[in-house]
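S.K.: So you can see what is in the structure, the chains are spelled out below.
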Amino acid sequence: MFRKRHPPAGSQPGTMIISDEASKPAIRVMDYMADHLNEYEVDDVAQLRACLEKDSISWVDVQGLGDEQVLKDIGETFSMHPLALADVVNIPQRPKVEPYDGQLFAVTRMALYREGQIVSEQVSLMIGRNYLLTFQELHGDVFDPVRARIRQGGPVFRSAGPGYLAYAILDAVIDGYYPVLEVFGERLDALEDELLEHPVPAVLQRIHRIKRELLAIRKAIWPQREAISALVHDTGPLISDEVRVHLRDCYDHCIQIIDVIETYRELAGSLMDMYLSSVGNRQNEVMKVLTIMATIFIPLTFLAGIYGMNFEYMPELHLRWAYPGLLLVMIAVAAGMLAHFRLKGWLGNREREPQESEQG
Amino acid sequence: MFRKRHPPAGSQPGTMIISDEASKPAIRVMDYMADHLNEYEVDDVAQLRACLEKDSISWVDVQGLGDEQVLKDIGETFSMHPLALADVVNIPQRPKVEPYDGQLFAVTRMALYREGQIVSEQVSLMIGRNYLLTFQELHGDVFDPVRARIRQGGPVFRSAGPGYLAYAILDAVIDGYYPVLEVFGERLDALEDELLEHPVPAVLQRIHRIKRELLAIRKAIWPQREAISALVHDTGPLISDEVRVHLRDCYDHCIQIIDVIETYRELAGSLMDMYLSSVGNRQNEVMKVLTIMATIFIPLTFLAGIYGMNFEYMPELHLRWAYPGLLLVMIAVAAGMLAHFRLKGWLGNREREPQESEQG
Amino acid sequence: MFRKRHPPAGSQPGTMIISDEASKPAIRVMDYMADHLNEYEVDDVAQLRACLEKDSISWVDVQGLGDEQVLKDIGETFSMHPLALADVVNIPQRPKVEPYDGQLFAVTRMALYREGQIVSEQVSLMIGRNYLLTFQELHGDVFDPVRARIRQGGPVFRSAGPGYLAYAILDAVIDGYYPVLEVFGERLDALEDELLEHPVPAVLQRIHRIKRELLAIRKAIWPQREAISALVHDTGPLISDEVRVHLRDCYDHCIQIIDVIETYRELAGSLMDMYLSSVGNRQNEVMKVLTIMATIFIPLTFLAGIYGMNFEYMPELHLRWAYPGLLLVMIAVAAGMLAHFRLKGWLGNREREPQESEQG
Amino acid sequence: MFRKRHPPAGSQPGTMIISDEASKPAIRVMDYMADHLNEYEVDDVAQLRACLEKDSISWVDVQGLGDEQVLKDIGETFSMHPLALADVVNIPQRPKVEPYDGQLFAVTRMALYREGQIVSEQVSLMIGRNYLLTFQELHGDVFDPVRARIRQGGPVFRSAGPGYLAYAILDAVIDGYYPVLEVFGERLDALEDELLEHPVPAVLQRIHRIKRELLAIRKAIWPQREAISALVHDTGPLISDEVRVHLRDCYDHCIQIIDVIETYRELAGSLMDMYLSSVGNRQNEVMKVLTIMATIFIPLTFLAGIYGMNFEYMPELHLRWAYPGLLLVMIAVAAGMLAHFRLKGWLGNREREPQESEQG
Amino acid sequence: MFRKRHPPAGSQPGTMIISDEASKPAIRVMDYMADHLNEYEVDDVAQLRACLEKDSISWVDVQGLGDEQVLKDIGETFSMHPLALADVVNIPQRPKVEPYDGQLFAVTRMALYREGQIVSEQVSLMIGRNYLLTFQELHGDVFDPVRARIRQGGPVFRSAGPGYLAYAILDAVIDGYYPVLEVFGERLDALEDELLEHPVPAVLQRIHRIKRELLAIRKAIWPQREAISALVHDTGPLISDEVRVHLRDCYDHCIQIIDVIETYRELAGSLMDMYLSSVGNRQNEVMKVLTIMATIFIPLTFLAGIYGMNFEYMPELHLRWAYPGLLLVMIAVAAGMLAHFRLKGWLGNREREPQESEQG
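Protein sequences appear in the order of chains A, B, C, D and E.
Residues in the first sequence are numbered from 33 upward in steps of one, following this note's numbering.
Residues in the second sequence are numbered from 33 upward in steps of one, following this note's numbering.
Residues in the third sequence are numbered from 33 upward in steps of one, following this note's numbering.
Residues in the fourth sequence are numbered from 33 upward in steps of one, following this note's numbering.
Residues in the fifth sequence are numbered from 33 upward in steps of one, following this note's numbering.
Here chain A stands alone, though its shape is the one from the complex (with noise of 0.2 Å):
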């Protein structure tokens, strides 16, 4: 369920709340121009300003949110507004993107299916002029491999700004997505099959589970392709025409996204349907079960019963023939009952036909 670290109704705007949990700030920079690269960690904020006057372009990556005055301050040095740095820190945010002065703010978020689990992480970024702030909720990430690009140290990454950092971060947590879209397939294909089989009641929670997780993703990637839409539409100098070409590619394979889910949504409903029905047929199995059974011996015992009654005057009793004779009449009225009862196609019979000319 929901749960968000806001501050108390009425506090100043640009309240931050720490969350014990929260990991020490992990600050690590990436300082590059065409020619030159740069990678140092930072302890003291302070160090941060020289990444200001450079021409070159910082990459600063602030893991984990424990230190309420290291952020304070790195807001300060880089004239984050309060409200920016609060939604860093105040988790979740909905994704967005917001022009301030100079700058553009960004929140986003990250799925990961880890060990059975969909976990999301929120990851905001701040575009300047000639740096670019990232800030993550935890220590580790997926975005080695962008830094990995940085480092071969391509003409086209390495003068591009930090524009199409932004880009190349931004499209490392979209494409982050699909390997989570293929878990959701493999686990909907799973459901479907063993609905078919054996249709029990942990089938249906294992849909409700799919269902809220379907809608908790879809809650995290709807709002991001406003927020990269507004990214591809901004006029500011911030987003060159060539990084507007990758964006509109990156919200391309947004849409995708969307689509997926909505389609694992319906496929989801459908599956929800299914179990219902096999909640009937399984009703209606049982419930056949017990109608022969009773239709059959119910007759059989009456009549068994009205020749255990004891008048005096009943001379079937005395006839040789008439208890054979009877057995034999109860065997024609069970014999006649089930001919009955497979011509309704109750036995099971005429029910598997049609399956398998279908498969034919």
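Since the hints were derived computationally from the structure, they do not count as laboratory data.
As the list makes no split between identical chains, a pair holds if one copy fits it or if it spans any two.
Pairs of lysine-lysine residues, derived as DSBU-like cross-links and limited to a Cα-Cα distance of at most 35 Å, are as follows:
#: 1; residue 1: Lys-128; residue 2: Lys-56
#: 2; residue 1: Lys-251; residue 2: Lys-128
#: 3; residue 1: Lys-36; residue 2: Lys-104
#: 4; residue 1: Lys-128; residue 2: Lys-36
Quick caveat, the model's predicted, so the values are computed rather than measured.
Following the hints, put chains B, C, D and E in place on chain A, whose structure we already have.
M.R.: Just chains B, C, D and E now, with coordinates in the frame of chain A:
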């Protein structure tokens, strides 16, 4: 259900309907500038005229709407349009923002979770050049943190004009929905657990109650989104650029709340489906017990009935081992039936298997 | 169901279909200015020509649409377009606003709750430079408060032009929906209570009836929202700025009514779900009674059947304590079954517990 | 289901597929001006060239689409675009309006209720400077009232140009939906009554059939709304302002028809729900009969079984009053059970009560 | 389920993922002008450079995407953006149109019904000044009619530029959906018939399969509508006015296909409802058999049990006519029950009546 204090159709526009239960208005003024603060209670509306002439900002807070004359006097003092004044009193109004000559009128709706109940209260705001009027239905509110911020007197707040004050109040109203969402989240979680353990009919009533309350909350929050959006895009002088940036933040919260409510509505719908299927499952369980009992004992009773018949010529009756033999046959029949049902998974063992393998 | 008086396809546009049941038109004029008021009934349409030439404002109210010639004469006198005149008569029209040369034509629909029935009536308005024509299906209306306000003669009303008068009538029409909503609210509340106490099939029919009526009300109110919005945004001279402010208020009420209707529709849908599940629950209850009775007595009857057999060699039959012993065994079996069912919660006790704890 | 005469994928655009069943085209011309009217049949398409050169207005009505050469000749004579000509023949097309050089091309769809069937037919219109071409699938149509109006020759009609004539035909097409709606209304009413009286499975099939037909009608009418709206907003010279006013009226009818269809669809959905719940109710009724019978007789049969046992030492068997005493006990047990069921409302009496009180 | 060839998150944009199963590219060129046509196969990509320099139009058709180097060479020759090239290879892409410098890039998706399966294949188009590149996943396609039209060489086609050729291919793709729709229509019809005759569980699986396939088709066709609309409204020089008219026709077909798919989806949903109700109906039928048998025989068995008791003093036992009298009573009871059930319509006769009267 919907209850509205509305004048009879065809009345003079601006007719106020004063509820008998409404408490008398209490008027408190906070009059502040960058360097001074003056708080006082007002008994005579005529005193309020002073607010209009000063350069300082006056927050005139009216709690309780139980006196038509006082409200009319306030309206006249601040040149409120009669329709705006009627909207303050004839509760509930749909949240909205309306421009009047030199004024902005806003209606908003607080939601609180108090003693197991979701309660809501209308707050109306009239933003003028150097004043803000607020009207509340009841004495007592959630704006004490805002008052505290004025008293502490950050320079930003004190010099920011009535638009910023209006934002601060709206922000407190919107952020007040987060705790309500948390309550709903917990209740949905609790319902889901209960649904798995005891899916009794009372659960359905509680799902229905949650759906009703979610509908009410949704009806309150949706129009606030439009209203805040209208404020963000208002081009008048009452909303400064800085306030606009803050309102954008408030708008984001509003959208996030709407997202969560829509998700909760879908989850409530899915819980309803689960409940309905659990009704079917319980019925299956009941049916199975009946069917197993009947299927085992009806043939046995029939056999007993056979040998309870009084035919003269029933050779088996006189055999020494007939009775224990028949008992053995009966035991064999019963055991065969049980084995058959166990194979069909009706005795509960096969049903639990997939559930366990799911957790493994 | 939908019934419309419409000319056969292909007829001359503007063809009027006069219903046989329609009553003869009665024409009443209120002719007023800031300082005078003149009320009179009109027998001969030719008298109406005077209205066009005066400076004063004339409200020409036509009740009853049963005379084609009279309506045509009125149309000619006030230069009404034949299509507008046909819209007045060929009922029902969709509520709408249409501009004609120097005129504004509006169709609206009143809803009333009268004798346990929702009834509705079309009111057509033609706003001209110095007159307002209104056409009503039936004699008698809800506009007496409006007439009273003209007679009392507030300066605002009397000098505000026919646009303001049209607003006053529209406002009376829209506000007339509030009592209807209250009736629906009470009926839904009553249905919900009854659903919990006696979920009989008749409840379903009543839910269906409410859904049908809500659909009808919705079909009437939705287009009025568009129509009033068109009036608010009309840039012609017939609607002054002051009237526009009042129409905005009327528009708000319209949206609020739509909100409530949509909420009621969702509640009605949720009641339908509750009813369906109550059908399942009642069936469960019936099934449990059957299953408990059958499960307890079938084995006992079998035991009795055993000792009703007539085998010669059944040693138990001759034991002195066999009969009371068997009775004790039977009591033990029945008691064991009952204990088992109580443990399973089938005897009703465990079902009620959570319900009670919920209220605690 | 959807059947379309379409050329194989990849064919030349404008390829016509002539159906084998299509009848030969019959061409009728009505050539009129304010003061003259000339009606004639055309055998040779070459004769039509005259229409282009006259000042009078020519309505060229082609009924039957079974001759490719004739259609091509007509197309060439009036300079029709090959794609427009293909749209005339390759039926069904989606209703639409398309501007071509100096021409407006419209596709519309008539709906008729004929012999218990909803049938529909495509009518294509090509509006030119001084001519109107209409193409119909079948001989015979519903435009005779339009022809009569031309013959009667009101000055409005005769001097209004081909745009007005096109409007008259579109209006006849749209107004032709009203009788179809009435048929649906009656069938839904009849279904609702039958559902309350005999909710047999055949009702479900009829609900499904109505839903299918409503879907078909809806697919036909929705695009006509867009098409007529496109005509209303067309700024070309072919549609005069006066015709625009008339088309607005036609547009209103179209919207009203759509409103009614949507309402009917919701009603059909609600009937489906009622049917499903009636299935559950009937099952409840069956179950109750079974449960009451079983619950009363199973314990009694058990008692009878007890005293049918053959134990030697059963003292009750020898008591004089044991037999009548047991019979009394049995009657008491049965009466107690019946009283219990009556109290539970299972014997039908309490179910009817609320229904009666509702009508009271 | 959704499967996509996508590079790992964070890769270089434009990374191509070549499938192991993809076949080697085969390149065929059709080089044509008004008066000449030249068809040849290309082995070495360098040969394609000639296409750029000629005045004639070159259609370069690449079938098979199994060689990264060849594709990169083609991309370089025609100055394709790396992102466009990646979209060609990383299948599936969402259908779309994207403008690049002097080029238009389009992704579309064919659907075919082949051997009882709906298969789909991505076709990518790159429109340049004097060339059209097409990329297909597999060897073999449905564009032979287009090739034939080029060879026959109508003047329209040969002189119309690559935009017209692109239209011809898109049109073939879109029109290829019609046969698929027909297949769906037949399957829905067949399902409906089967549902009425044998509503077995296998039908439900087939409804689910159709729903899944309709979802897949819908996901393919919806974005094509947007893409073609983007082409129609493209203002660049590559799409001439005449091509625009043709694309409008193609757009109409696309919308018609979407309409039909949406209708089919609603029908599939309605079939699901019918199936669910048929499950309930079959259960009713089973229940009725059980109830009728039990209700008739249980009381009779009880009566037999009474006279099977061994009381010493049961005067009836010694009456001469008691036994036949009891048999008569039993027959009367059974007949009474049967009459009662026939009256209630449980014996099938009354159920069929309304069905017959409907057809009369």
